[in-house]
Amino acid sequence: MLLSASLRVVAAAAFVAAVVGLLAVSKLATQLEHRLERTATTPASAADRGDEIRIAMGVEPATLLGPFAENDAEINISSLIFPWLTNLQFNGRLEHVPGLASSWERSADGKTIAYHLKEAVWDDGKPILASDVVFTYRLVSDARIPFSRREYLQRIESVEAAGDRTVKVKYKNAYLIDNQLSDINVGVLPEHVYSKIAPGDIKGTEKALAPVGHGPFRVVSRVGARVFVLERNPKCVTTKVPNLKRAVFYFTATPTAAKNALLAGEIDAMESTRIEDVAEITSKGGYYTKSRGLRGVDFVAWNVNNPLFKDKEVRRALTQALDRDGLNRAVFPIREPGLYAQPVGTIPPVLERAIPNDLKPLPFDRKRAQTILDERGWRRGLDGIREKDGKKFSFTLLVNSETPRRVASARMAQQDLKEVGIDVKIDEMEFSALNKRMFARDFEAGIYGFQTTLSFKQGEVWSTGVPFNFSNYSNPKVDAIIQGMRDEEDVEKLRDSLATLQKEIYEDQPVTFLTWYARVAVVRERFHNFGASILAFIGDLDKCYVPPDLQKKFKGE
Amino acid sequence: MWAGIARRCLVSIPVCLAASLLVFFLLEAAPGEPVQYLSDPEASAEAAREQAGVFGYFDPMPVRLWRWIENTITFDFGRSILDGRPVRDKVFEALPHTLLLSGVSLILGFALGIAIALISAWRPRGALDLFISASGVAIASVPVFWMGTWAVAWFAAEWKWFPTGGDVAIDAMVEPGWHAADRIYHLILPAGILILVTSVQVARFTRAALLATLREEFIQSARARGASRARVLLGHALPASLHSTVALFGLSIPWLIGGSAVVEYIFNYPGTGRLFIEAMKRRDYPVVCAAVIMLSFMAVLGNALADALAIRFDPRAEDRPNV
Chain A
1 MLLSASLRVV
11 AAAAFVAAVV
21 GLLAVSKLAT
31 QLEHRLERTA
41 TTPASAADRG
51 DEIRIAMGVE
61 PATLLGPFAE
71 NDAEINISSL
81 IFPWLTNLQF
91 NGRLEHVPGL
101 ASSWERSADG
111 KTIAYHLKEA
121 VWDDGKPILA
131 SDVVFTYRLV
141 SDARIPFSRR
151 EYLQRIESVE
161 AAGDRTVKVK
171 YKNAYLIDNQ
181 LSDINVGVLP
191 EHVYSKIAPG
201 DIKGTEKALA
211 PVGHGPFRVV
221 SRVGARVFVL
231 ERNPKCVTTK
241 VPNLKRAVFY
251 FTATPTAAKN
261 ALLAGEIDAM
271 ESTRIEDVAE
281 ITSKGGYYTK
291 SRGLRGVDFV
301 AWNVNNPLFK
311 DKEVRRALTQ
321 ALDRDGLNRA
331 VFPIREPGLY
341 AQPVGTIPPV
351 LERAIPNDLK
361 PLPFDRKRAQ
371 TILDERGWRR
381 GLDGIREKDG
391 KKFSFTLLVN
401 SETPRRVASA
411 RMAQQDLKEV
421 GIDVKIDEME
431 FSALNKRMFA
441 RDFEAGIYGF
451 QTTLSFKQGE
461 VWSTGVPFNF
471 SNYSNPKVDA
481 IIQGMRDEED
491 VEKLRDSLAT
501 LQKEIYEDQP
511 VTFLTWYARV
521 AVVRERFHNF
531 GASILAFIGD
541 LDKCYVPPDL
551 QKKFKGE
Chain B
1 MWAGIARRCL
11 VSIPVCLAAS
21 LLVFFLLEAA
31 PGEPVQYLSD
41 PEASAEAARE
51 QAGVFGYFDP
61 MPVRLWRWIE
71 NTITFDFGRS
81 ILDGRPVRDK
91 VFEALPHTLL
101 LSGVSLILGF
111 ALGIAIALIS
121 AWRPRGALDL
131 FISASGVAIA
141 SVPVFWMGTW
151 AVAWFAAEWK
161 WFPTGGDVAI
171 DAMVEPGWHA
181 ADRIYHLILP
191 AGILILVTSV
201 QVARFTRAAL
211 LATLREEFIQ
221 SARARGASRA
231 RVLLGHALPA
241 SLHSTVALFG
251 LSIPWLIGGS
261 AVVEYIFNYP
271 GTGRLFIEAM
281 KRRDYPVVCA
291 AVIMLSFMAV
301 LGNALADALA
311 IRFDPRAEDR
321 PNV
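Chains as they are written, first to last, in the working numbering: chain A, 1 to 557; chain B, 1 to 323.
Here chain A stands alone, though its shape is the one from the complex (with noise of 0.2 angstroms):
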């Protein structure tokens, strides 16, 4: 019996064991079917609508509620699904354009903003409404609800309907129009949909993940929240219908993955590739790159509450000793214009007029930098490294392992300082980790980063005490520009000031700025006009196409 049971087991596993060999061989057979008809495709119309774009993107969306949007993938895929007040450009300055609204027009107090609404239709066929932006004001305004732009809100006064196109926006200064506009342009949802839904349970409901909205495109499908089937929405009224009939977007754990899956065929195009996979993927050939601009900046911080870093001329002469090109040149494989740049602030490059031209990176200078620190007390030991009042000029740089880039950084920046006589260690830790110690001031040095805004709303992580001014810096003068300009109306005015800001900054060196860097998104060929631009990964998708005789047919056409 006992035998007839061990091979009942054996010949039941060798039985599965073919049925699964045979079911690979007719899939990867019905794989080649696929891929020769495709290959075989030729332009049957002159359509030039059509096709679909895959792209993956990384951390999969928790919501895709337009006021709730939070991350990359949050921020993209809602501004394709909802309608904003106003569309955003950038030409040198952020600009509005009409979205939901086709016109508007302020007050002669400056507090006041009525917007007039286009015509247009909820993706369900209700109208879309003024009360349905009140709704969507009074949603965000419930301090239930996590909203990370509230704070934004807290100079609005009231938001009111005058009638089913017009809404009257009152706030409770006059400041910028663009920053007026800005603070109360979050997706509009409709009112008739989630006001049948607990505030508290909005973000969590089936109603965030398939949403109804109106906007270039709609979602017609999803997989849990890996994989969602956007098509494009004949009517849609706040910006240019789209050319490609489809957008998937799918979500992968690792950008390893992301790139595997571009390589393999199975996606068209990725967001955020990492520098060194921008270089193997396009070495391949068959795709395109896109530079988002330069806006991620990358700097050492040094804690000015440590007295090795409170002399600002010391400071000066840590940023002269370090070499600051060489190290873009290094991390930075492919030389391609826009991809990164040496800074001066944290300002990014791209923001017309806000940097002064005649500030340029503090020049490397090695000799420059020891005189500094020789007449700063800080004299070489017998054992090469400098010292002052028997205080060796030895400090822990921390960085955080996840980031290549930032670990050369590291390493390089170790380099350069041992040849000026100063010891650094450095501590490789989890992001999570760098940034507890780093939000908490528990560093000596650190190498951070962050993506910049792009509104005139400028150097907040400047004034005292904010929790992203790592280095602890405090200027009165500069505290006093930063709270000047929170109510300025004048862009010209608003210039000046964020000039003045960045001199500062740039004297007083609380950061040693190493890098801008860009975002990089990698297409694939077929793919013309994809239009990853500074603002979005896939800001502009409407605009993409694809030539008729490369697109790809559908079941039944």
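A couple of the hints might just be wrong.
[Unchecked claim] Pairwise CB distance ranges, derived in the manner of DEER restraints:
hint	chain 1	residue 1	chain 2	residue 2	range
1	A	Glu402	B	Trp178	35 to 41 angstroms
2	A	Lys172	B	Lys281	37 to 43 angstroms
3	A	Gln451	B	Lys281	36 to 42 angstroms
4	B	Lys281	A	Asp479	35 to 41 angstroms
5	B	Leu99	A	Asp427	37 to 43 angstroms
Just so you know, the hints here were simulated from the structure itself, not pulled from any lab data.
Idealized CB from N, CA, C, for every residue including glycine.
We have chain A already, so just place chain B on it with the hints.
Below, chain B alone, put in the same frame as chain A:
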């Protein structure tokens, strides 16, 4: 037999609770918090903190501990901090994928392992046996993540023989139906790696048991009675050796559920392993709590199954004190 298994399950309840508490305190000690993943650094940190506060993240530690214990006992893990969805929904969405991957890997891995052990034991210390043993050592010494990474890079991205990841093709995902053939096609690489790793362990284990059994007196008797080599090996030695292999089967269940996490992550496979790794990375505590409880119960179930199978193949096992 059932009384013994029930007793084992009862004893396991405090074990699960203790494992859950251990994880709670480990997470408390670990750096990082969900706040940093809730918004862009450009947004104000206060706003992000406000969001995390809505989910009770900043409640005092005893309050959070009590909530954790309550979740553990009631199996109601609440909502994910990151997306507000019920944790139970997220786990049950992912669980079938993991059960499929692990189940296939476990069954085929054991079948292959036993078959390899039989081939090895056919002529112990022969050329084939030595080759199999050496290959086994080589495979066992390669980390799963390395094997997975290279399998995707070559078999999928470079040669395009298999998909790079996921459970079905994107085309199939958006169309109704279960797409059995496509799912199997997507299983081949990830399951293949798990099968390989499992079969190596099973083969070594079973081969050792077979060789020990082949030295027993009843095998000598069978040979003396003129039984063929195949009959001796399959009809006498294998059944007598399988009790330890089937015990290994039960014990492998929690290993496969947990161990497949790395493979799921590399292959972008939407199972519980990937869900839990993401939750750990982003400090989504309710999901992590669910993961710990689930893995603990899998371990308990695996042990119970191991006991049941051991008794089924060797009734003397029931009298052993550990059952």
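Each hint tested on the structure:
For the pair glutamate 402/A and tryptophan 178/B, the supplied restraint of 35 to 41 angstroms holds, since their beta-carbon distance comes to about 37 angstroms. Remark: the range hint 37 to 43 angstroms for lysine 172/A to lysine 281/B is upheld by a beta-carbon distance near 41 angstroms. Between glutamine 451/A and lysine 281/B the C-beta distance comes to about 20 angstroms, which lies outside the given range of 36 to 42 angstroms. At about 37 angstroms, the CB distance of lysine 281/B to aspartate 479/A agrees with the hint of 35 to 41 angstroms.
Distance hint check: the CB atoms of leucine 99/B and aspartate 427/A are about 42 angstroms apart, consistent with the given range 37 to 43 angstroms.
Figure legend: structure checked against the earlier numbered hints; the only hint not met is number 3.
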